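S.K.: Sequence:
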Amino acid sequence: MGREFKAKLAPASAPLTFNPKNTYAAIVKTLFTQHAVVLAAAFFQFLVCMLLPDAFSIVPSAVLLLGYAVTTLIHHLTPSSPANPYTQHVVPGRATAQLPGPSGSFGADPGAQGLVVFNLGVQWNHPLGILCPGGIDTARRFLAMNADLMRRREELGLVSINDWKGASLDTASSLVITYYFRDVESIHRFAHEELHRAAWDWYNGHRFPHIGIFHETFIVPARSYESIYANCIPVGLGRGAVRCDGVEGDEQWLNTLVGADTPALKTQ
Numbered sequence: 171m172g173r174e175f176k177a178k179l180a181p182a183s184a185p186l187t188f189n190p191k192n193t194y195a196a197i198v199k200t201l202f203t204q205h206a207v208v209l210a211a212a213f214f215q216f217l218v219c220m221l222l223p224d225a226f227s228i229v230p231s232a233v234l235l236l237g238y239a240v241t242t243l244i245h246h247l248t249p250s251s252p253a254n255p256y257t258q259h260v261v262p263g264r265a266t267a268q269l270p271g272p273s274g275s276f277g278a279d280p281g282a283q284g285l286v287v288f289n290l291g292v293q294w295n296h297p298l299g300i301l302c303p304g305g306i307d308t309a310r311r312f313l314a315m316n317a318d319l320m321r322r323r324e325e326l327g328l329v330s331i332n333d334w335k336g337a338s339l340d341t342a343s344s345l346v347i348t349y350y351f352r353d354v355e356s357i358h359r360f361a362h363e364e365l366h367r368a369a370w371d372w373y374n375g376h377r378f379p380h381i382g383i384f385h386e387t388f389i390v391p392a393r394s395y396e397s398i399y400a401n402c403i404p405v406g407l408g409r410g411a412v413r414c415d416g417v418e419g420d421e422q423w424l425n426t427l428v429g430a431d432t433p434a435l436k437t438q
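With my numbering as the guide, the letters of the sequence shown map in order to residues 171 to 438.
Hints are computed from structural coordinates only; laboratory data are not their basis. You may find that some hints are simply not true.
[Stated by the list, open to error] Simulated restraints, written as ranges between beta carbons of each label pair:
no., residue 1, residue 2, range
1, Ile-306, Pro-255, 24 to 32 angstroms
2, Pro-230, Phe-384, 20 to 28 angstroms
3, Ile-244, Ala-184, 27 to 35 angstroms
4, Leu-301, Arg-377, 13 to 21 angstroms
Just so you know, these numbers come straight off a predicted model, no measurement behind them. We put the CB at the ideal spot given by N, CA and C, even for glycine.
Produce the complete structure using the sequences and hints provided.
M.R.: Next up, the structure:
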């Protein structure tokens with residue numbers, strides 16, 4: 171029998187989160203596409219030029235450049251103080267994602283338990299992006315379903331959740347949430363519950379031609395997947411958390427990341 175996997179992160183009383191320290195900045199970057207940010211900055215510069223004397227026209231860009239230069243210099247010269255937000259949650263070294271058993275043991279067999287990967291997404295194919303007609307309401311329903319899943323993650327066998335923002339076209343923006351479940355039956359059960367049915371009926375009733383929704387389901391058998399993360403903030407399956415009642419006698423949540431420097435993964 172091979173060497174047992176060892177957890178990279180300590181058990182916690184609740185699932186670990188790895189959100190940026192500056193939550194406000196993260197929300198702004200999520201809601202606004204790059205061209206929208208540029209337009210907002212241009213509009214602010216326009217107001218400064220119109221309302222203030224000419225000498226003040228350089229102030230917005232100068233403040234922005236100075237702020238970026240100072241923070242970059244501080245983080246470069248003193249990487250540990252103040253805390254660098256870019257490396258705040260990085261797990262150093264090589265890691266892989268494994269599902270622990272009820273007792274909190276990860277075992278020595280990679281990918282010993284099967285799982286289901288479920289992608290749920292929405293596209294706002296409109297110049298206004300999420301601000302298009304129906305866009306905010308669609309996002310609100312997505313967030314409500316996501317919050318319900320997070321509250322019931324143990325009941326539904328939800329292991330990990332990741333959200334991704336993409337823009338393949340200047341007039342299209344997308345949001346995709348990737349879920350990792352223990353089994354597909356839990357997904358089917360949630361799909362037939364009132365919250366999901368109400369959101370689906372609302373979408374079908376309005377028939378917005380510029381709003382697209384989609385999902386993808388991948389059922390992955392045991393020993394049919396692998397993962398390697400090197401110096402990464404927990405992501406993908408490595409962002410997961412599993413409740414284990416047998417850890418030190420109390421209810422604990424274990425992160426799925428374990429050390430990858432084991433003989434079982436020596437070729438990875």
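S.K.: Any hints from earlier that this structure breaks? Give me their numbers in increasing order, please.
M.R.: 2
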